[in-house]
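Below, each chain spelled out in residue letters.
There are 2 protein chains.
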Amino acid sequence: MNFIIIFADDLGYGDLSSFGNPSILTPNLDRMAMEGQKWTNFYVGASVCTPSRAALMTGRLPIRNGMMSSPNRVLYPNSANGLPESEITLAEQLKKAGYKTGMVGKWHLGHKEPYLPTNHGFDSYYGIPYSNDMDITRKLTPGNGYWELWTKLYDQLSIEDFNVPLLRGTEIIERPANQHTISERYTDESIAFIRKNKDHPFFLYLAHNFPHVPLFTNERFKGSSKGGLYGDVVEEMDYQVGRILEALKEEGLDKNTLVVFTSDNGPWLPTEISGGTAGQLRDGKGTTWEGGMREPTIFWAPGNIKPGVITDLGTTMDLFTTFSRIAGQELPKDRELDGYDLSGVLFNKESSPRKEVYYYRERELYAVRLGSFKAHFITKGGYGKVEKLYHEVPLLYNVDQDPSERFNIAEAHPEIIEKIKALVKEHESKMVKMPDMLKDLESGRNVP
Amino acid sequence: MNFIIIFADDLGYGDLSSFGNPSILTPNLDRMAMEGQKWTNFYVGASVCTPSRAALMTGRLPIRNGMMSSPNRVLYPNSANGLPESEITLAEQLKKAGYKTGMVGKWHLGHKEPYLPTNHGFDSYYGIPYSNDMDITRKLTPGNGYWELWTKLYDQLSIEDFNVPLLRGTEIIERPANQHTISERYTDESIAFIRKNKDHPFFLYLAHNFPHVPLFTNERFKGSSKGGLYGDVVEEMDYQVGRILEALKEEGLDKNTLVVFTSDNGPWLPTEISGGTAGQLRDGKGTTWEGGMREPTIFWAPGNIKPGVITDLGTTMDLFTTFSRIAGQELPKDRELDGYDLSGVLFNKESSPRKEVYYYRERELYAVRLGSFKAHFITKGGYGKVEKLYHEVPLLYNVDQDPSERFNIAEAHPEIIEKIKALVKEHESKMVKMPDMLKDLESGRNVP
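One line per chain: the protein sequences are A and B, in this order. With the first letter of the first sequence counted as 1, position 11 gets the number 10 in numbering that gives the first Met the number 0; the numbers rise by one all the way through. With the first letter of the second sequence counted as 1, position 118 gets the number 117 in numbering that gives the first Met the number 0; the numbers rise by one all the way through.
None of these hints come from the bench; they were simulated from the model. Just so you know, not all the hints are guaranteed correct.
Said to hold, decoys possible - Taking lysine-lysine and the BS3-like style, the derived pairs with C-alpha atoms no more than 30 Å apart in a straight line are:
| no. | chain 1 | residue 1 | chain 2 | residue 2 |
| --- | --- | --- | --- | --- |
| 1 | B | Lys-248 | B | Lys-348 |
| 2 | B | Lys-151 | A | Lys-151 |
| 3 | B | Lys-379 | A | Lys-418 |
| 4 | B | Lys-254 | A | Lys-418 |
| 5 | B | Lys-379 | B | Lys-151 |
| 6 | B | Lys-305 | A | Lys-354 |
| 7 | A | Lys-221 | B | Lys-221 |
| 8 | A | Lys-305 | B | Lys-379 |
| 9 | A | Lys-420 | B | Lys-151 |
| 10 | A | Lys-151 | B | Lys-379 |
| 11 | A | Lys-221 | B | Lys-305 |
| 12 | A | Lys-354 | B | Lys-418 |
| 13 | B | Lys-348 | A | Lys-221 |
| 14 | B | Lys-254 | A | Lys-305 |
Claimed, not checked - Footprint (simulated), chain A over chain B, 3 or more residues, beta carbon under 8 Å:
| no. | stretch |
| --- | --- |
| 15 | 14-20 |
| 16 | 313-326 |
| 17 | 393-402 |
Stated by the list, open to error - Footprint (simulated), chain B over chain A, 3 or more residues, beta carbon under 8 Å:
| no. | stretch |
| --- | --- |
| 18 | 10-19 |
| 19 | 157-168 |
| 20 | 328-336 |
| 21 | 402-413 |
Note that the structure is a prediction, hence the values are computed from the model and not measured. We put the beta carbon where it would ideally sit given N, CA and C, even for glycine.
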């Protein structure tokens with residue numbers, strides 16, 4: 000069975016029509032959800048870019064592989080490091096099982112040569128090495144600084160305002176990358192990869208730049224949506240996803256290809272009108288509230304996957320484990336993995352083996368979900384002047400009954416807090432944290 | 000063509016799976032949305048029960064028919080009045096076109112005999128005359144008062160705590176109504192009505208009591224949902240809707256019956272865990288924010304309705320106009336109607352003729368939507384200690400791009416405010432308000 004992961008960037012839980020958005024039309028993803036499984040309790044490994052992608056690629060909490068840091072949180076164009084060579088990526092794992100592996104899109108696990116996708120198990124790479132808003136060339140002034148780019152100037156930006164490079168393999172082939180056409184070109188590259196490898200098991204990792212700011216679309220999608228420029232960008236992404244599914248059908252590969260769609264973290268709320276929505280979930284990107292780490296997720300493999308809405312737990316780290324099992328590739332035994340095999344849910348609608356979620360931020364365990372219950376030991380807002388609060392008695396929410404985390408039930412349920420604390424104790428007894436690899440910068444400060 | 004309106008009570012915009020709920024499973028309504036049209040910008044005539052139902056039944060803003068009041072807002076068991084006889088209900092209108100008419104469920108437009116459904120155009124009636132939380136028999140004490148029933152005691156209530164009557168025609172046949180079985184019995188009655196009239200054009204108005212508090216379900220649904228008791232109740236409603244659609248299919252009536260599903264107003268947020276969610280929409284029941292008046296709405300008529308997601312505007316008042324046109328019944332000429340004919344959207348996916356929405360509350364015009372833009376002239380919270388604010392410069396939101404009403408753009412768009420003000424001027428020049436018919440009580444104060 001082939002595998003395709005389509006990864007959006009900063010897409011909010013509530014940004015797709017099938018996940019409740021009233022203004023943005025996403026017919027391709029909606030159909031994908033209807034024909035496949037729509038997962039409503041699916042999490043990422045961190046609420047910002049680099050550690051979330053590290054979790055996806057390694058099947059491990061990013062605290063284990065050095066990709067979780069404070070205060071940098073993500074890799075920057077002046078970062079010295081990247082995902083350690085010692086990590087086994089999903090691409091390397093599937094290569095062992097004989098898969099062809101291709102990566103298209105945003106990597107953000109190290110832009111220096113040793114850390115690029117082609118040195119982490121991918122046969123080919125075409126994409127940008129870090130976020131599309133890095134390398135800003137536009138002059139920022141007080142009152143017209145970084146955040147104003149998205150809240151005020153979002154529809155006046157040009158691709159020349161960002162000196163982001165486009166790579167093929169390890170070579171820069173375009174700079175600045177033309178972000179107007181990049182989603183289309185990512186899709187072209189992906190389809191070419193699919194067609195080239197149609198007679199061979201393959202793994203394709205397509206990580207779109209958008210809807211992370213800056214927002215650019217193909218000319219055809221400009222003004223297409225009632226949801227504004229943000230809506231246009233999401234609607235183009237939906238269209239580009241549709242092209243991938245269409246290509247699979249044309250090549251007769253839809254029956255033996257498992258496609259997963261999700262995003263790296265929740266909406267970047269301080270970008271205001273340039274950001275998405277977490278729907279009814281609380282807060283967004285950067286936080287360990289549900290809006291930061293629960294993502295709209297769809298599994299698709301018509302005829303193989305039992306269609307339906309899945310409210311059980313899953314995470315991006317489970318893909319490493321699940322794909323390995325499906326591909327018949329033994330899991331590495333020399334390291335702790337954080338994934339579960341979800342294939343029973345996908346193919347037989349069994350209940351998910353995952354019962355817990357760990358919400359790490361900046362090298363600390365902020366919150367833990369066990370079944371329906373989530374305990375916050377530390378809370379902190381996403382961006383700007385935010386207070387970090389340590390909760391001696393953790394905040395406790397039933398996030399199934401109260402997904403907006405409105406009603407703290409800690410006082411009524413000390414026994415659940417005790418259970419979660421015991422789980423944490425066991426978790427921490429086995430936790431080996433790798434030193435912070437993101438803190439080393441080659442020069443100066445970063446934006447933002 | 001037959002017509003069925005299924006009306007929920009206090010259902011939030013985000014309470015159905017297809018409208019983004021992560022915990023509550025509503026497979027029947029989701030399938031209905033997929034086979035039909037899912038409307039994401041569909042409004043009610045008021046954000047509380049009685050005036051909203053008056054708007055639905057008459058196709059007119061409730062300010063025109065006396066059913067909009069301050070401070071009572073809705074009818075109570077000690078109210079003296081009801082919907083004036085001079086009003087033409089949708090049932091009377093369709094009767095003129097030869098339809099059989101049946102009403103099942105909560106009426107709330109007057110419980111005294113002259114105001115009951117059978118005196119307002121319905122051939123038959125089976126249901127409760129006002130809200131299921133009225134007639135409280137349980138002793139309320141300070142600290143264990145009205146709101147604590149829903150926030151603290153919600154799963155300890157029994158049907159004997161509410162002395163609500165169940166009527167057939169104009170006779171009380173059960174008191175207190177057994178609310179555990181009432182959704183099932185409403186559906187049984189509805190299906191009996193459908194089968195009885197299968198060879199004749201019919202109009203059925205089925206108004207469920209739930210998910211308005213108190214929450215009761217059939218024993219089979221107790222604990223069925225991850226969404227708690229509220230989720231159980233919504234999942235039972237979904238199941239009961241499925242039974243109606245199934246019966247239509249069995250009788251071969253699905254091809255010539257138009258079914259509309261919506262709710263009377265948004266979620267009752269102060270009931271906390273006993274209430275729903277408006278998803279990303281702001282606030283809820285009682286307010287003129289989007290969460291109060293925009294409802295999850297589905298039109299279904301397989302083979303007749305062009306399936307899809309509709310982001311154009313519609314309101315419950317449009318049903319009077321639309322059904323009349325489809326039934327070939329001329330609209331009354333002696334009064335102002337507030338509806339538009341939506342049949343072009345339903346059958347041909349034309350754009351909606353409706354471009355504006357008036358948000359009235361307590362006899363005043365609080366807000367107006369024109370196209371994507373909504374101006375708030377007055378704002379006020381839903382319940383409790385809430386400040387009423389008159390905005391000299393109205394708050395202005397682009398509710399397509401910003402459905403959560405977060406970013407006031409009044410300063411940047413005075414020209415849009417001028418346009419909306421001109422619309423208001425014209426609207427008010429033709430407005431004849433009927434005196435407040437809800438203010439007259441036969442005794443004492445009401446709860447809440």
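For this session: Would you list, in rising numerical order, the hints stated earlier that this structure does not obey?
Result: Checked against the structure, the hints that fail are numbers 2, 3, 4, 6, 7, 8, 12, 16, 19, 20, while the rest are satisfied.
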